[in-house]
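2 protein chains.
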Amino acid sequence: MTAQTEASLRARALKVIPNGMYGHESVALLPDGFPQFFSRADGAWIWDSEGNRYLDFMCAYGPNLLGYHHPEVDAAAARQAALGDAMTGPAPVMVDLAETLVSMVGHADWAMFCKNGTDATSMALMTARAHTGRRIVLVAAGAYHGAAAWCTPGPMGVLPEDRAFIRPYLYNDVASLEAAVAEAGDDLAGIFASPFKHDVFVDQELPDPAYAERARALCDETGALLIIDEVRAGFRLAKDCSWSLVGVAPDLSCWGKSLGNGQPLSALLGAEKARGAAGSLYVTGSFWFAATPMAAAIETLRILRETDYLAHFEALGTRLRVGLDAAAAAHGFTLRQSGPVQMPLIMFAQDPDARLGYAFSQEMLARGVYMHPWHNMFLCAAMTMADIEFALAAADEAFAALAPRRASVQPSPRLLALLEQAAAGGH
Amino acid sequence: MTAQTEASLRARALKVIPNGMYGHESVALLPDGFPQFFSRADGAWIWDSEGNRYLDFMCAYGPNLLGYHHPEVDAAAARQAALGDAMTGPAPVMVDLAETLVSMVGHADWAMFCKNGTDATSMALMTARAHTGRRIVLVAAGAYHGAAAWCTPGPMGVLPEDRAFIRPYLYNDVASLEAAVAEAGDDLAGIFASPFKHDVFVDQELPDPAYAERARALCDETGALLIIDEVRAGFRLAKDCSWSLVGVAPDLSCWGKSLGNGQPLSALLGAEKARGAAGSLYVTGSFWFAATPMAAAIETLRILRETDYLAHFEALGTRLRVGLDAAAAAHGFTLRQSGPVQMPLIMFAQDPDARLGYAFSQEMLARGVYMHPWHNMFLCAAMTMADIEFALAAADEAFAALAPRRASVQPSPRLLALLEQAAAGGH
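As they're listed, the protein sequences go chains A and B. FYI, the numbering used here numbers position 328 of the first sequence as 328, with every residue one higher than the one before it. FYI, the numbering used here numbers position 235 of the second sequence as 235, with every residue one higher than the one before it.
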């Protein structure tokens, strides 16, 4: 394959794709200079269309958990693909995978598979309504649960009716949650929560156990279903539902992204009491029962069970966080690093329009490190401590390059527009 | 891999999957004895978990267009997979594929990719609303456009608000369409149509050109968007949008299933005038930009352009239809075969509860031919005339076996329940 220039690809894309690209991987959401197209990925690294290599802290926005092209996962996928993938019915691996997930995820008694994270959250919403015969579902303000009309952060194409019974509360705020539950009265069907607060543009927050426990108790009192959206964080914090870390079991959990280490697969897992409602839905998709991603997921989960990847993530993430703080301080900067070290969000103190964050991520990109200025990032198990040291050396240079021009950095007009949208409750 | 019994797989599945299976590939919708699980697929054939082989007239419900494991498509997919699949941005193949589709599909000026057919139809719905600033979308009664809350044929988990502005009309009925448009008044956003009427349980109908032209004219008069849902029929009737056969160009078309010959991919294609609205949506998915299915689609489309697969489909389908009618008549049966021969629907005359269709499909299954009693079927390009003759020989035996017990065949209670649901407007 001939290398193609980013500019020529963008010009061609602009003709045949609205805006040249859309969705969460559009560079319209990123600083100038970020490549839109990638020609290759391997382990912890990605290559743009011109052959530049980057240490990838976005991991495909989550799917890359063990490293791109993990040999054992790819081999398992290839073995199944040689037998059959999308067929006229599922393969036996569907049962194997459901059993595997039920055995690993404490609250789960059953599994349903789908393709998008949004499929899983939409099925959770419908299951909660079918289970209770009620309508109102509470969602933390600013949380992302997918891009269907009921949840997309963009306003276009959405009717008020699409979210007539979606009501906000404040993550980690017990009083806010209680007020929203009280207001829902006898029409409360469910409560959504992310495993931790991983909204864009704002500091991440781990779940307060008191909030998690209260959410559970309120669901128990009202009969509503508690739903954890693990699509982004699943298996990055625990080899179980993330809220097992705070001792709270949901009724439903939504999974995707990392489940098959990049193979397209998502899932809704549920407790026994929600089985009847989930089974009453008519939900399906042309590729939902394809076997190859399921075989990849079974192998991914085996590796998760048998390795200490979580300790590896914690060691890498801690070194990155500590090292970045030190490098920033050495050049007169103060960072705001938040969330679990395995899913870092790196912003700057006193940087309300993120102009420093934008400029820093550009300096990092120029040094071969792909970091996101306002979205949580991801580690993958293929990353080594040497990779982290590479990133820290790049950061030292990036801060040094940024320091003398600190006062003259301008905010991005695109970013200002995005921030306005975020302030209005969108993405 | 050890062969597993269907019974043991079903017993295990029942524990960890609601009802043991769900969606369009659930055998709850099929006669007793149909296998739920498949261990292998190749060309035009599938093998169940116990090793029984069937000539597969369902083609994974559509994705299998060229044959399972088509060597050139699989090679193209493998080449891209070796480079990168789900990455932190799309690969150049995304642009190549968008250009390819725009060059093949007459009405299309741009493409957006997604995973499920339902993603494409939901994006079409939102694009129509964003484009017009209006709410009402007309859908032919009984048509299937996906399994999201606004369109799923199942009632559970759905609120009246989810489909508050979805209004029915009768396919091929100009007066009905005109009345629905008039009733929508100045709130009409779009009109959905299938390429032909391929509803379940009833005879299929090719589109009346007068109906297609009137739908186009009504959209032109009102500014609403005309949307063709090609998810099921795409590239099976034409190497262009199916309505090119009646000389009508829609504003949007939805594609999926066959696009990547089994690789998970769907797409929304649109005319220039809808580009701005489509680009204004925030729609996305974790795996939407994965490169491997796009590479498979480019190769699939190349093969479609360069081969006479449509003539092959027509020859196979015509021989099947004529041969089945003759075999049926020889044993005293009359069939109702409807729709294009490339996507046959085979039912029995005077069989309102489909008991004969159920019994016939069981007899065919026992002879190694997988046919569906109430859903349109599919051909694949890997099928040969010898395969069709194999099916016709099986049919001759099946009719012969069915004839003496014709009077004593009982209807399926599960089917009766399904028919009641269909009569109520569902699937």
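Any given hint could turn out to be false.
A pair counts as met if it fits within one copy or between any two copies, since identical chains are not told apart.
[Stated by the list, open to error] As a list, the in silico BS3-like pairs of lysine-lysine whose alpha-carbon atoms are at most 25 Å apart: (1) K273 with K15; (2) K273 with K239; (3) K239 with K15.
Because the hints were derived from the structure by calculation, they are not lab data. In this text the structure is predicted, and so the values were computed from the model without any measurement.
Hint check results:
{"no.": "1", "hint": "K273 with K15", "result": "between (50 Å within a copy, 13 Å between copies)"}
{"no.": "2", "hint": "K273 with K239", "result": "within (23 Å within a copy, 48 Å between copies)"}
{"no.": "3", "hint": "K239 with K15", "result": "between (44 Å within a copy, 22 Å between copies)"}
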